[in-house]
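With these hints in hand, go ahead and build the complete structure from the sequences.
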Amino acid sequence: MIHARGLTREFKVKKETVTAVAGIDLDVEAGQLVAFLGPNGAGKSTTLRMLTTLLPPTSGTATVAGHDVASHPAAVRLRIGYVGQKNSAGENFLVRDELVTQGRCYGLSIRDAAARADELLDLLDLRPLARRKPGTLSGGQRRRLDIALGLIHRPGLLFLDEPSTGLDPKSRADIWQHILRLRETFGTTLFLTTHYLEEADNMAERVVIIDGGRIIADGTAERLKNDLAGDHITITTSTEREARTAARIGDGTATGTTVRLQVPNAAAALPDYLRTLDGAGIKVTTAETARPTLDDVFLALTGRSLTDDDIPA
Amino acid sequence: MTTFLRDTTTVFSREVKPSLREPVGLLFEMGQPLLFLFLFGSLLDGTVGSSWQWFVPGILVMMCLTGPLAAGYTLLVELIGGSMERMMVTPLNRTAMLVGRTMKEMIVLLVQAVLIILLALPLGFELHPVGVLTGLVQLVIFGVGLGSLSFVLAIKSAPGGTLFYIVSQSIMFPLLLCSGVLLPLDAAPAWLQTIGYANPVTYVVDAQRALFAGDLANLSVLYGTAAACAVAAVGLYLGNRAMRRGV
Ligand SMILES: Nc1ncnc2c1ncn2[C@@H]1O[C@H](COP(=O)(O)OP(=O)(O)O)[C@@H](O)[C@H]1O
Ligand SMILES: [Mg+2]
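Protein chains in written order, with our numbering: chain A, 1046 to 1358; chain B, 21 to 267.
Each hint should be verified, as a subset may be incorrect.
[Unchecked claim] Below, in silico cross-link-like pairs of lysine-lysine (DSS-like), each with a Cα-Cα straight-line distance of 30 Å or less:
(1) B:LYS37 x A:LYS1057
(2) B:LYS176 x A:LYS1060
(3) A:LYS1178 x B:LYS37
(4) B:LYS37 x A:LYS1060
[Unchecked claim] A short, non-exhaustive set of chain A residues, derived as facing chain B with CB atoms under 8 Å:
(5) THR1098
(6) LEU1099
(7) THR1103
(8) ASN1132
Since the hints were made in silico from the structure, they are not lab data. Don't be surprised by glycine CBs; every beta carbon is placed ideally from N, CA and C.
What follows is the structure in structure tokens.
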């Protein structure tokens, strides 16, 4: 569905060149749900905009839905749907009118566009809002409308740029339910960006991590976590001095009276570690093991935490 | 060509719907020109012959400037929001996006022009049908050019928008002042007259006044039409280029 090679995009900002995307290779097969994960400014939106023909690449090539984005943008546009980072409906227009317009943009007759608009109003639970202006909708409702607009021509491949950002937990869950249902019912290939770790972890079967315009990891969340981060053991001691010693013994890090270490298999390593500490006369007050998160993966790869900044750009 | 026509219709009907739904908005947009018309019209009565004959064409040209500017602003808002981007991802023809929007602006302009003329009739405005019709055609040509230029400005200003505000704020007043739209240039100091002659709006206003007086053979009609066509050609060329390059 998506095949990109050496995809690069530079911007000129006040005579300086900013490289937003620095040579991306990517292959996505039909039917996959891929989460494109990365901190703000990583180049997620820019990549999406190139794959959806909105932005010409500075260099590199991309074939999307069987056609080259640079030489055959019209063929690509017919086959893909795109839900941008911002809201898609114009402020002056009624919800249903925008859906009908969208259908006509894809060449549907007035009658077909109207029928399709009604179908989507039902599919995304927007029926009671049909005659409202977008400005009067809640964040979650607006996002559902954006998704409806992206689905009007039944695309086999849908791009979503931060579909759930800025929504309350309930609306986020609701949006996800709709996204997952799309995949089940229509087999739509989904390529979406997010900076929410849990979403990428729980929902996607494949996670592609981007940072500084480069892909730094690619695989199932499970594999990334096993290969790149490993499990954690966290213990606390009664004094800070004991904690420092415990950290040295286990090759971990101590913060206050808390010691944290990274091991391949925490459940198996913990009893051994505790016995060793006991032998060294260190009194351990609490001990626990934890499976890694994608944040640990990101931390292992970049030395930074993904959750440091949580404001979408 | 058929897809081009279809796409133009798509854009036009999208744009025109809000105006049809709330036609009162059209009257509000006309508020300022109407105020000017009655204020200046009564003030100037006698100084420039029949003031209405002189003033109605001026007001129409003024609306021909403010309307497209507002249209550019509307486009800018859609460029800053996500709705323009959403349509750029569809196969919709890029030129049709420009033409459909411009057509809607021109319909609005014509409706407003007819309203102004109807309002001025009972006040003593003398109707020369052929001249007025020709005048309206010329006005539409000029408006197409100005509308396109305004769209170009909006596209160049996105996503920040500051450029649009700066240019539109600084250009509107001088264009109006140095064209004789509101006050006759004959009475202005020489330097202002000189600037006036470099301003295409001046030629269009002069032509409009001749046409609305029924004086179709006046040389200023030729100059005005040339100025309007030149602005339309430049506007459409730049507008089309900007739209095709993507936003
Ligand atoms: N139109 C633009 N002009 C200049 N710089 C841009 C533009 N769009 C994006 N950038 C820059 O490119 C980088 C990547 O941005 P973006 O793709 O939006 O990141 P993300 O979506 O991952 O948050 C950022 O540093 C951003 O400032
Ligand atoms: Mg982004």
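We went through each hint and held it up to the structure:
Taken as a hint, the LYS37 of chain B and LYS1057 of chain A pair is broken in the structure, with Cα atoms around 39 Å apart against an allowance of 30 Å. Restraint check for LYS176 of chain B and LYS1060 of chain A: satisfied, since their Cα atoms lie roughly 17 Å apart, inside the 30 Å limit. Our distance criterion of 30 Å between C-alpha atoms is met by LYS1178 of chain A and LYS37 of chain B, whose separation comes to about 13 Å. Only pairs whose Cα atoms come within 30 Å are accepted, and LYS37 of chain B paired with LYS1060 of chain A is rejected, the gap being roughly 43 Å.
Interface hint at THR1098 of chain A: satisfied, since its Cβ lies 7 Å from the closest Cβ of chain B, which is below the 8 Å cut-off. A distance limit of 8 Å between C-beta atoms decides the matter here; for LEU1099 of chain A the minimum to chain B is near 6 Å, and the interface restraint holds. At about 14 Å, the closest approach between the beta carbon of THR1103 of chain A and any beta carbon in chain B exceeds 8 Å, and the interface hint on this residue is violated. Interface hint at ASN1132 of chain A: satisfied, since its Cβ lies 5 Å from the closest Cβ of chain B, which is below the 8 Å cut-off.
Checked against the numbered hints listed earlier, the structure breaks hints 1, 4, 7; every other hint is satisfied.
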